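Given the structure of chain Y, go ahead and fit chain V onto it with the hints provided.
Protein chains: 2
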Amino acid sequence: MSSSKWEMQVSTHLEAAWIAVDWGTTRLRAWAMSDSGAVLAGAVSECGMGWLSPPEFEGALLEIISLWLAKGRRTEIVICGMAGARQGWQEAPYRKVPCEPVLPGKQVAVRARDERLDVHIIPGLSQASPPDVMRGEETQLAGLLIAKPGFEGTACFPGTHSKWVTLGAGKVQRFRTFLTGEQFSLLAEHSILRHTVAADGWDKNDFIDAVREAAADPASVPGALFSLRAGPLLGSPPAGNLRSRLSGLLIGAEIGAVVGELGERAIHVVGGGAVAASYATALDALGYKAVSHDAAELTLAGISLARTVQRVTGT
Amino acid sequence: MSSSKWEMQVSTHLEAAWIAVDWGTTRLRAWAMSDSGAVLAGAVSECGMGWLSPPEFEGALLEIISLWLAKGRRTEIVICGMAGARQGWQEAPYRKVPCEPVLPGKQVAVRARDERLDVHIIPGLSQASPPDVMRGEETQLAGLLIAKPGFEGTACFPGTHSKWVTLGAGKVQRFRTFLTGEQFSLLAEHSILRHTVAADGWDKNDFIDAVREAAADPASVPGALFSLRAGPLLGSPPAGNLRSRLSGLLIGAEIGAVVGELGERAIHVVGGGAVAASYATALDALGYKAVSHDAAELTLAGISLARTVQRVTGT
Numbered sequence: 001m002s003s004s005k006w007e008m009q010v011s012t013h014l015e016a017a018w019i020a021v022d023w024g025t026t027r028l029r030a031w032a033m034s035d036s037g038a039v040l041a042g043a044v045s046e047c048g049m050g051w052l053s054p055p056e057f058e059g060a061l062l063e064i065i066s067l068w069l070a071k072g073r074r075t076e077i078v079i080c081g082m083a084g085a086r087q088g089w090q091e092a093p094y095r096k097v098p099c100e101p102v103l104p105g106k107q108v109a110v111r112a113r114d115e116r117l118d119v120h121i122i123p124g125l126s127q128a129s130p131p132d133v134m135r136g137e138e139t140q141l142a143g144l145l146i147a148k149p150g151f152e153g154t155a156c157f158p159g160t161h162s163k164w165v166t167l168g169a170g171k172v173q174r175f176r177t178f179l180t181g182e183q184f185s186l187l188a189e190h191s192i193l194r195h196t197v198a199a200d201g202w203d204k205n206d207f208i209d210a211v212r213e214a215a216a217d218p219a220s221v222p223g224a225l226f227s228l229r230a231g232p233l234l235g236s237p238p239a240g241n242l243r244s245r246l247s248g249l250l251i252g253a254e255i256g257a258v259v260g261e262l263g264e265r266a267i268h269v270v271g272g273g274a275v276a277a278s279y280a281t282a283l284d285a286l287g288y289k290a291v292s293h294d295a296a297e298l299t300l301a302g303i304s305l306a307r308t309v310q311r312v313t314g315t
Numbered sequence: 001m002s003s004s005k006w007e008m009q010v011s012t013h014l015e016a017a018w019i020a021v022d023w024g025t026t027r028l029r030a031w032a033m034s035d036s037g038a039v040l041a042g043a044v045s046e047c048g049m050g051w052l053s054p055p056e057f058e059g060a061l062l063e064i065i066s067l068w069l070a071k072g073r074r075t076e077i078v079i080c081g082m083a084g085a086r087q088g089w090q091e092a093p094y095r096k097v098p099c100e101p102v103l104p105g106k107q108v109a110v111r112a113r114d115e116r117l118d119v120h121i122i123p124g125l126s127q128a129s130p131p132d133v134m135r136g137e138e139t140q141l142a143g144l145l146i147a148k149p150g151f152e153g154t155a156c157f158p159g160t161h162s163k164w165v166t167l168g169a170g171k172v173q174r175f176r177t178f179l180t181g182e183q184f185s186l187l188a189e190h191s192i193l194r195h196t197v198a199a200d201g202w203d204k205n206d207f208i209d210a211v212r213e214a215a216a217d218p219a220s221v222p223g224a225l226f227s228l229r230a231g232p233l234l235g236s237p238p239a240g241n242l243r244s245r246l247s248g249l250l251i252g253a254e255i256g257a258v259v260g261e262l263g264e265r266a267i268h269v270v271g272g273g274a275v276a277a278s279y280a281t282a283l284d285a286l287g288y289k290a291v292s293h294d295a296a297e298l299t300l301a302g303i304s305l306a307r308t309v310q311r312v313t314g315t
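Those protein sequence lines, which keep their order, are chains Y and V.
Residue 1 is where the first sequence starts when you use the working numbering, and the numbers rise one by one after that.
Residue 1 is where the second sequence starts when you use the working numbering, and the numbers rise one by one after that.
Simulated from the structure, these hints should not be mistaken for lab results.
Certain hints may be false.
Since the list gives no way to pick one copy over another, a pair counts as held whenever it fits inside one copy or between any two copies.
[Stated by the list, open to error] Below, in silico cross-link-like pairs of lysine to any residue (SDA-like), each with a Cα-Cα straight-line distance of 20 Å or less: (1) LYS204 x ARG74; (2) LYS96 x ALA230; (3) LYS96 x ALA239; (4) LYS96 x GLY235.
Owing to the predicted nature of the structure, the values given are computational and were not obtained by experimental measurement.
In isolation and in its complexed conformation, chain Y is listed as follows:
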């Protein structure tokens, strides 16, 4: 996302009509918006939800947005993401799928101490069976439906915990979260594979070969991991770039597990960076059309939708 056109690091003195906020576990990001929906300024801080206790959220937010607040009126702040978690600023209870990703004007009001703030949090979504939750992606999904009106099909959110979402009839029908990114880090850095999975280097062909193997037979992946240790011990044939192979095996198994739901349509991949590029490469190698979306752009579109119409308070 660092190359996004929506990314601006400088916080300048200006008056925002309202402020959009994406509050993740590790990072906080805010945009000063005009009445017409233009981005006037952007700011980011490392005060992610994971590092804060509930009373600390307001100060962390003010630190990056106070220069944008008008005098003599409350400025509307609309937040998506982990600030609405139980351990966040204030819990915004999950809405249950199937449902629209975001309900315009129906966010959860937060009581702020600073009178200049009028804060609202967009609720995340939950699924009863199998149990699953999201906070933040629902807003990007609303943005995706604005970018592709009437879209039905699959959206993929690569990351530490990746998500696959099925959209239909304007609603999130179901979704599934995978620990793939976290498992990759644990295996590459903390398991016996760390001895042979180098910290750098990448070979696209090794990645694609592993994706294809794993997607064709996801059940075989647990039994294929130790080969990444044993192969180099035996030395012949050359084992290739094992970091790429490990990534390919895990991502291939993930795609193999969701492949029954993918259908014929293009898969919309939300996010930038190397991980999202790997998912797009993997989908392409398996014969799917991956369409990439800028996450910040979809987030802003979703937050803009969330604030429209009147708003009810309550938790």
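Relative to chain Y, chain V alone:
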């Protein structure tokens, strides 16, 4: 293994006809043997191969066996396990499957500084495709073939890195290593699941349910892990004992991946303790007959076979 009849912690002054040694990554274990094959004494130390550099092995061994060495003659020491690894005492190059698990009298001689020592290491086994290696289990497999002459079928070695071995015609035909135990520890202690997977407690029914789910559809397991986090967040229905569920999902996926090779025969499970008991429970729940074996007993039988007949020196 702590309850094994072969386990003796006291090292007393006596004269061993020969000495059997099982040198693992984390532990060293030795037995003083009589000419007739009886165990005279046993000793164990924490000087596993993982903590030693090559020149340190001899001292670590002498520390626990010196009271057993006769004066005026060299005592035969036969070692299985990681002491024969490339980073061990001296490399005992892998023998390639398919092959007999152990060749009597054909071990790799080690040059010791102490003249009382006549040291030999049993080579591990390797498989070219898919790449895999073992060191130690080949000796237990030889012991299994002594306990069950003519056995053909599957042996399972639960542990941090579990192994499934197919025996036929007196040979190791093929085998497969799984990181299941290590993945369980990483997920339970270091991933986001650590928040909901309690460090203790066990529910056999939750374990069995998860084993059955995973074995029936191993490809679904990567997508089922996050439920162990999301389930308790949603609270209804009660999520059960999630440590048992995590273990069941991983072991079930492992068995699901090898199930095509299991056939109708009993599965011989080598090892003691809670992990081996879990594998036996899982196999039983899936309709297989699990036959448990004492690992130390099979190790001693295998080492005893290894020393018979004349010996050639190697590398």
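Do the hints match the structure? See the list:
1. LYS204 x ARG74: Result: close neither inside a copy nor across copies, 51 Å intra and 56 Å inter.
2. LYS96 x ALA230: Classified as between; 13 Å across copies, 46 Å inside a copy.
3. LYS96 x ALA239: So LYS96 and ALA239 pass the 20 Å test across copies only (18 Å; inside, 46 Å).
4. LYS96 x GLY235: Answer is between; shortest inter-copy Cα gap is 14 Å, intra-copy 52 Å.
Going down the numbered hints, you'll see the structure goes against just number 1.
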